[in-house]
Amino acid sequence: MNERPKIGTLSGEVYDAGGQAVPYATISLYDAQNPESLVDGAISEDNGKFLLKEIPAGIFIVKVQSMGYAEVTLEEKVKFFPGRSEAVNLGRIQLADAVQELSEVTVEAERELYVNSIDRQTYAVGSDLSAEGGVAQDVLQNIPMVEVDTDGNISLRGSENVRILINGKPSKLMGSDPATLMEQIPSNMIDKVEVITNPSAKFSPEGSAGIINVVLKKDRKGGVFGGVTASAGSYDNYGLSANVNRYSDGLNLNASYSFRQRNRLAEQDVFRTNFDEDGQVESIMEQTSDRKMGRDSHMFQLGAEYSWGKNTLGMNGGLNFSGRSSYNNLLTSNRDADGNILSEFQQISNSNDDGINQNIGIDYERTFNKPGQKLTANFTFANGDMTRYSTFGTREINDVDYNDRNINFQLDYVHPLSQKWKLETGWQTTYNKIDQNTKVSTSDSGEDFISDPSRSNHFVYDELVNSFYGVMNGKFSEKLQAQLGFRVEQAQIASELITEETDRYPNDYFAFYPSLHLNYNLTDKDKLKASYSRRVSRPGVRQLNPFEDRSNEQNIRTGNPYLSPSFTDSYELGHTHNFSWGSLSSIAYYRYSTEDITRVNYREDDIVYSTYANLASTQNAGFDFMLMAQPTDWWKVMGSANLFYQYMDPGDEYPELSVAEGFAYNLSMNNTFDLWKGASLQAMVRYSAPRNVTNGERDAFIFSNIAVKQKMLKNKMSATLKVNDPFNLMQFQIKNWDPYYYQDMTFNMLFQTVDLALTYNFGQSNHSKKGRSKGRTSGGGDDMDMGF
Numbered sequence: 002m003n004e005r006p007k008i009g010t011l012s013g014e015v016y017d018a019g020g021q022a023v024p025y026a027t028i029s030l031y032d033a034q035n036p037e038s039l040v041d042g043a044i045s046e047d048n049g050k051f052l053l054k055e056i057p058a059g060i061f062i063v064k065v066q067s068m069g070y071a072e073v074t075l076e077e078k079v080k081f082f083p084g085r086s087e088a089v090n091l092g093r094i095q096l097a098d099a100v101q102e103l104s105e106v107t108v109e110a111e112r113e114l115y116v117n118s119i120d121r122q123t124y125a126v127g128s129d130l131s132a133e134g135g136v137a138q139d140v141l142q143n144i145p146m147v148e149v150d151t152d153g154n155i156s157l158r159g160s161e162n163v164r165i166l167i168n169g170k171p172s173k174l175m176g177s178d179p180a181t182l183m184e185q186i187p188s189n190m191i192d193k194v195e196v197i198t199n200p201s202a203k204f205s206p207e208g209s210a211g212i213i214n215v216v217l218k219k220d221r222k223g224g225v226f227g228g229v230t231a232s233a234g235s236y237d238n239y240g241l242s243a244n245v246n247r248y249s250d251g252l253n254l255n256a257s258y259s260f261r262q263r264n265r266l267a268e269q270d271v272f273r274t275n276f277d278e279d280g281q282v283e284s285i286m287e288q289t290s291d292r293k294m295g296r297d298s299h300m301f302q303l304g305a306e307y308s309w310g311k312n313t314l315g316m317n318g319g320l321n322f323s324g325r326s327s328y329n330n331l332l333t334s335n336r337d338a339d340g341n342i343l344s345e346f347q348q349i350s351n352s353n354d355d356g357i358n359q360n361i362g363i364d365y366e367r368t369f370n371k372p373g374q375k376l377t378a379n380f381t382f383a384n385g386d387m388t389r390y391s392t393f394g395t396r397e398i399n400d401v402d403y404n405d406r407n408i409n410f411q412l413d414y415v416h417p418l419s420q421k422w423k424l425e426t427g428w429q430t431t432y433n434k435i436d437q438n439t440k441v442s443t444s445d446s447g448e449d450f451i452s453d454p455s456r457s458n459h460f461v462y463d464e465l466v467n468s469f470y471g472v473m474n475g476k477f478s479e480k481l482q483a484q485l486g487f488r489v490e491q492a493q494i495a496s497e498l499i500t501e502e503t504d505r506y507p508n509d510y511f512a513f514y515p516s517l518h519l520n521y522n523l524t525d526k527d528k529l530k531a532s533y534s535r536r537v538s539r540p541g542v543r544q545l546n547p548f549e550d551r552s553n554e555q556n557i558r559t560g561n562p563y564l565s566p567s568f569t570d571s572y573e574l575g576h577t578h579n580f581s582w583g584s585l586s587s588i589a590y591y592r593y594s595t596e597d598i599t600r601v602n603y604r605e606d607d608i609v610y611s612t613y614a615n616l617a618s619t620q621n622a623g624f625d626f627m628l629m630a631q632p633t634d635w636w637k638v639m640g641s642a643n644l645f646y647q648y649m650d651p652g653d654e655y656p657e658l659s660v661a662e663g664f665a666y667n668l669s670m671n672n673t674f675d676l677w678k679g680a681s682l683q684a685m686v687r688y689s690a691p692r693n694v695t696n697g698e699r700d701a702f703i704f705s706n707i708a709v710k711q712k713m714l715k716n717k718m719s720a721t722l723k724v725n726d727p728f729n730l731m732q733f734q735i736k737n738w739d740p741y742y743y744q745d746m747t748f749n750m751l752f753q754t755v756d757l758a759l760t761y762n763f764g765q766s767n768h769s770k771k772g773r774s775k776g777r778t779s780g781g782g783d784d785m786d787m788g789f
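Numbers 2 to 789, taken from the numbering used here, label the letters of the sequence shown in order.
Some hints could be false.
[Claimed, not checked] Below, a list of computed lysine to aspartate or glutamate pairs in the EDC-like style, where the Cα atoms sit at most 16 Å apart:
1. K480 / E207
2. K423 / D413
3. K170 / E207
I should point out that these hints are in silico values taken from the structure, not numbers from a laboratory.
All chains, please: the whole structure from these sequences, using the hints.
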């Protein structure tokens, strides 16, 4: 192919069935004599237009694909011969939705579960059977590199310093806690999840481990359509969600409602041995607890978007009512070194939350005559209020008032400099204020509770961040693409502990965040990518607030108001090889963090305190492997492995903490089988190997699930049966120690559940084309646009 003269130019426009332009569609050019040989490719602009230049002489097959749509292979081949017309315009190419009922023929093209592109890994939720009728947390549990622990905390490559975004933006609709957020978004509202381990400077630098972007569905199909999903499962877990969408003449209206009731049971055992200064056993403590946690929510969302000319204006709003309850029966036994009982007591704790969260958003987009030139603006405001009433036996009452207010404004501009290069710039301002007022009352008799000012706590957190970024994006050649970016940020942060004498903890700083991304096409089937970025992890309110959580008097949790932000330099080198039956991707990465924010434990007066500290440095190095394969027409496999080394140095400031280092790995396998017409089965298993933590280690754990789905009524209705943890292997065990104690804690969240979900989709979209198409495994395109 390299000897052929490059004489051809190919152009066209990509549209959906509703007449809307499809941006970022992949246009691929294959050699007609060798259909597996990719010759060239392009990505459509925001207006759907695309252009390929310097195409060699020959006959080619054109394929067009975009996530959420059925792949199109043009029937007529494209020909370029010397002496003939060198420019071919394909006109308008229409894509049908991945599962669309047409007037005569049904298109059943399944979206690929995983797509690997230059800067992110994308997971299509609609192809994940085990997420049917669930929530976002269920979706994340099935994504490689992502872990969700028993408290709902989310980590990426073993680090909890990960940024969670909704549609590319921070969301406060369900509160400031990502775990709460992921427990309340219904999975059927999610279109895809993007994992971005080394984001460019266009993104906010928060989250040293990277970004998890949850993209919600946004349909622009003509007509009126929607769906209803109802689910029921073990432990009285229920869900109901409904959505309706209308699109016509540039106006898109959508509304949705969801109800969730989720109950969880848990058992926890703690065994601790305390030592004196000579290393002899001083005392022994044993605890067992039975916990029941419940959560319910009612979430309403409305949205409207109108396009006219080169302008698009959108507005959306949301309202969420939520409640949470917690019951804990704690039994504690203290013994001396000889095993004689010193004390035994029982504590029953109850906690009830009521919350309401609101948010509004306005989006504006303006395109210009110049292809690719675009101006966008976004404003969001969110406010959340929560009250909590907790009792701890007959000795203590906590009464909490909590408010979280967030404002975000962002302005982005894209300007093409040439056919191969473009400049992106933007400004972002975010303001966040959290006010938590905890009033503690205590009693010796269990009757007359008296306010305890020494234990009460009023904590206020203020954060104002202004930032500007610039990104240069383009191609040096057909093989080499590059992106160079920078971001400057001024952060003004302060927290206050309001008592009779208010303590203020200011933390203002200016920071510079560069980024570099390179992509090199070795061959038609092999691609290399390399990247660097600088990131930051700012401490959260839970990590900062010095209030002591004494729900367990033997294990007290508290924050550290003196925490500093942690800065991380992140490097990655990746390779992707495409086979005829799938693809194999591998990534080597290294992260170096200073002032890393880490949970630490220490013993004082026979009590173990859990708090947070800035370690001197943390280093992480590892390899990610991802295999996508389709051995047969009825079997698809997605396998992944993450092997990493971690070194945590507490530094001289914490001599009681030891260096924690060691190797660990995670393995996962996801198999999907087509059983018979309309029926499929999915089985997933994940193994997380033991790993070292500060002054301790966490044992291995296994999580698995099996789901079966049956489509009915011409694919308008489906039933999904899912079993979580079918072999009852899921439990966490953490061991901590120092010279004065050794503690072994086993936490068993009763994950073994059975859930049934029924989904019905209604409405008819306005389509004119007929035909049948099917999807294929894709290794992703060459899109260097690293924003949303």
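Violating hint indices (sorted, rising): Hint 1 alone not satisfied by this model.
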